[in-house]
Amino acid sequence: MELFPIRRDIPFTRHMLVLNLLSALTFVAAVFFLVTRGLNLSVEFTGGTVIEVAYDHSADLAEVRAVVAELGYTDVPVQHFGSAREVMMRLPLREGLSSGQQSEQVLAALRAHHPQVELRRTEFVGPQVGRELVENGLLALAFVIGGIMVYLAVRFEWKYAVAAIVANLHDVVIILGFFAFFQWEFSLAVLAAVLAVLGYSVNESVVIFDRIRETFRRQRKMTVRQVIDHAITSTMSRTIITHGSTEAMVLSMLLFGGPTLHYFALALTIGILFGIYSSVFVAAGVAMWLGIKREDLVKPTQKAAGGGDDPNAGAVV
Amino acid sequence: MNRYPWWKYAALVVVLVVAALYTLPNFFGEAPAVQVSSARAGQRLDDGVVVRVEQALTAAGLRAEAVQFDGQTLKARFDSTDAQIKARDAIERALNPDPAQPTHVVALNLLPRTPAWLQALHAQPMYLGLDLRGGVHFLLQVDMAAAVDKRLAALVGEVRTVLRDRGVRHGGVRREGSALIVRARDADTARAAADTLAREFPDLASTERADGAETLLVLTLRPEAVRRVQEQALKQNILTLHNRINELGVAEPVIQQQGLDRVVVQLPGVQDTAKAKDILGRTATLEVRMVDESPEGLAAERGDGPVPFGSERYPDRNGHAVIVKREVILTGENLTDAQAGFDSQTQEPVVNLTLDAKGARIFRDVTRDNVGRRMAILLFERGRGEVVTAPVIRTEIGGGRVQISGRMTTQEANDVALLLRAGSLAAPMEIVEERTVGPSLGADNIRMGFNSVVWGFAVVVAFMCVYYRLFGVISSVALAVNLMLLVAVLSMLQATLTLPGIAAMALTLGMAIDANVLINERVREELRNGSAPQTAIHKGYEMAWGTIVDSNLTSLLAGLALLTFGSGPVRGFAVVHCIGILTSMFSAVFFSRALVNLWYGRQRKLRWVSIGIAPPRADGQAR
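Heads up: the sequence lines are chains U and H, in that order.
The working numbering applies: residue 1 is where the first sequence begins, and numbers increase by one.
The working numbering applies: residue 1 is where the second sequence begins, and numbers increase by one.
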């Protein structure tokens, strides 16, 4: 069985501008939503208390809200979590009240109405921890970007490193844009997913770059554009299958993993979908526009045929 | 060309057998158990405990499946929860005859049902995190500034004592911010004082400063001394936490230092979070000071006058005011133990304190000079001070064993002892992060995490087998081996498996198949280009290898960043992710190649391989 019985190279490079324009538009939209709406940061970053309780019947959110409001927490997000029986609420930090007192207070108030309320989970994060997490998250991001760039620059060339990073940061920004647009909760787990996507889609770019290098070596007559077309076409089957497999895993997480893994899986899903596209078209496109050349990767062992850095410097009178 | 030497197969078999052995314990499940440990942290149980526990069980008509004893804890496994609870009660009665003063912690626990021969190999099931087994997690921040502050406060008294003992005349010792100032009449006296102090207190650095006719000696703690004070404060707090948590009777508490000034406390299986928080959250510190018994002080105590300079007013437990001097004689740091008991002669309830060597020395000097006066023991909780007790000093007390007696009920003596013990934290702590997971949620998380791995795995395997035929089957076996290796490594390292860890497992498996897809596609390509099957296999693996290394290394880079900078759930994810990338390189390349070699490598005249594409027809079209 073959899904992609393609024998001729598809001229992707001809449409590179359109493809990248599309991607630029998505990127701008993502940045726009990130700036205007901002991320809906979880308690881990902002500090505060999350309480998750389970009822033995489907819970009435309005009632829970009323109980919580009686304690002075108005405008507190109270929502179903997973099923109609489970309720999750997020309380802001309050001066003078310790974490424990806060959750006990709420639980006691809820139990006063329904004695069967079961505490599923509480989570309290102090403000200084939240600040550290943000710092560490940014540090991790910087470390990954720096590490990957150095690695690619050594293994390939700086142009490839720049292209890969542009493509993959574009994925990251788009995931964040989705989270900002839908106001999905951005938690530590989502941050982990985002960073994993970063490593993952660099994978993809590396596979294509590897092919480009190999084609440069083998096909001495192809132009740069033809080389890129060939590299993308010949890895396409692998790209789709690999991402399909990973996506199958992630989708099963989304379907069976329950509410705790929901946003984590969602971030990965978006990341993988955009990862395919960006690492193939954006990374290859940027690399092309940065002017990658055969000479950058293939050591000129023969007497410098064509010579020089300028690809047009062939003709000599 | 597609043959492995025999030693490569041998190495593979060894790795697989070891991995299988260490994966095995995860399948046996857990049995209810009762765990016994000493109520005092760090103290070992004697061998007699085993006999006593067995006797107690026989007396109650119970039979344990297995009893393990490793010197620190005794664990008895039972076949049902019912038997477990009965056994707990029986053992509790046998080992702790006096419920008010438990000498042993008897806790319910779950023990893996791993057979003895596996346990002998140190094969254990994966260590489940709190989000999977339920429990409480706290992150406590130690107030280091307060620790240093307390040390300085105590130093004021010590410096004064030393100067007096050595006969150095000075015009007063006081604190100014983070420095101690010794006032001296002239430069010579100041130098003498500086010499004496340099000998007695190597932690202090001194500089001299002229102040009019007098000379001031400015003493500051050396940076390394500050660091030591902080380290000790942290250690002391961890020890105190151990003791407090023992009151809760938790089977496997985790109390660890995190970073320079934080302590992680994890209490698996604890449901009574309110009590846990109450016990941990007691941010109490203890101080011993003299009661101000000057006429002004006494007047202030009656409420007839202002509090004299140099003294402070604190309420005692009944709300009466007690005027105490500001100067701290001892802190909770010097108190090693406080127990309620009875006086051997009068049989009245007393509280016995034990002081460390330094505390004992200071206490002897202070009591010698202050016989007949009152001394107050204060407890500071969340910034508020309270006088726990203010006994009269009857005689000089040496040796560090102090008995507080007088008009107390047994209950009161117990309370005071508990409060004093609680107060021996070297520095106040604050809960900065807290996570509670109920047991039902933990079980749900395991089930859902497991389901997502299984379903994802099934889909990938089904697709691979259909698409790549035999090569797909081989890839799938390699993927299964990868999963086994991953579980084996996690079990061996006893790394904590959390829900994000399970997610990482699923994700890593999804990504691991990439290596096999790369290889299989390469082999197909070589076949299409007209290579002979054996050459195609060889070249396919060879050419894919570079790409696999590159792509896995970049993923590993991201994983390591998460491991370095992440905390909590992110770390749990990163650990599994990194290990998974390493095991996948092994299984996807080395192991799958071995299978391919075993199957095809021996066939001299190999016509074609089963990889999902048909052999080329005569016209050269590969369809």
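No lab work stands behind these hints, which were simulated from the structure alone.
In this text the structure is predicted, and so the values were computed from the model without any measurement.
Fair warning: there could be bad hints in the mix.
Stretch-level coverage of chain H by chain U, calculated; a stretch enters the list once three of its residues show a Cβ under 8 angstroms from a Cβ in chain U [said to hold, decoys possible]:
id	region
1	459-468
2	566-576
From chain H, some residues computed to sit far from chain U (all C-beta separations above 12 angstroms) [as the list claims (entries may be wrong)]:
id	residue
3	Ala31
4	Arg44
5	Gln55
6	Arg169
7	Gly310
8	Val328
9	Gly399
10	Val453
11	Trp455
12	Ile502
13	Arg528
14	Thr554
15	Ala558
16	Phe586
17	Gly601
Don't be surprised by glycine CBs; every beta carbon is placed ideally from N, CA and C.
request  = Examine the region 566-576 of chain H: at least three residues should have C-beta closer than 8 angstroms to a C-beta of chain U.
outcome  = Coverage by chain U holds here, the residue count being 7 at a Cβ distance below 8 angstroms.
request  = Evaluate the condition: distance from the CB of H/Gly310 to the nearest CB of chain U exceeds 12 angstroms.
outcome  = The claim holds: H/Gly310 sits with its nearest Cβ about 31 angstroms from chain U, beyond 12 angstroms.
message = Would the non-interface assignment of H/Val328 survive a Cβ cutoff of 12 angstroms against chain U?
response = The claim stands: H/Val328 keeps its Cβ more than 12 angstroms from every Cβ of chain U (closest is about 27 angstroms).
message = Checking a non-interface call: every C-beta of chain U should be farther than 12 angstroms from the C-beta of H/Thr554. Is that right?
response = For H/Thr554, whose nearest Cβ neighbour in chain U is about 4 angstroms away, the distance does not exceed 12 angstroms, so it is violated.
inquiry  = Checking a non-interface call: every C-beta of chain U should be farther than 12 angstroms from the C-beta of H/Gln55. Is that right?
reply    = holds, 39 angstroms
ask   = Is the Cβ of H/Trp455 farther than 12 angstroms from every Cβ of chain U?
value = Its Cβ does come within 12 angstroms of chain U, the nearest being 4 angstroms, so this is violated.
inquiry  = If I take the minimum Cβ distance from H/Ala31 to any residue of chain U, is it greater than 12 angstroms?
reply    = holds, 25 angstroms
message = If I take the minimum Cβ distance from H/Gly399 to any residue of chain U, is it greater than 12 angstroms?
response = Consistent with the label, H/Gly399 stays out of reach of chain U, its closest Cβ about 40 angstroms off (over 12 angstroms).
ask   = When you look at the beta carbon of H/Gly601, is every beta carbon of chain U farther off than 12 angstroms?
value = Label holds. Min Cβ-Cβ 24 angstroms, cutoff 12 angstroms.
key: Residues of the region 459-468 of chain H with Cβ under 8 angstroms from chain U, three needed, outcome   = This one holds; 6 residues, not fewer than the three required, reach chain U with a Cβ under 8 angstroms.
Separation of H/Phe586 from chain U, once the least beta-carbon distance is taken, above 12 angstroms = Holds: least Cβ distance 18 angstroms, greater than 12 angstroms.
Minimum Cβ-Cβ distance from H/Ile502 to chain U exceeds 12 angstroms = Nearest chain U Cβ is 8 angstroms from H/Ile502, so the label is violated.
The structure fails hints 10, 11, 12, 13, 14 and 15 (numbered hints given earlier, in ascending order).
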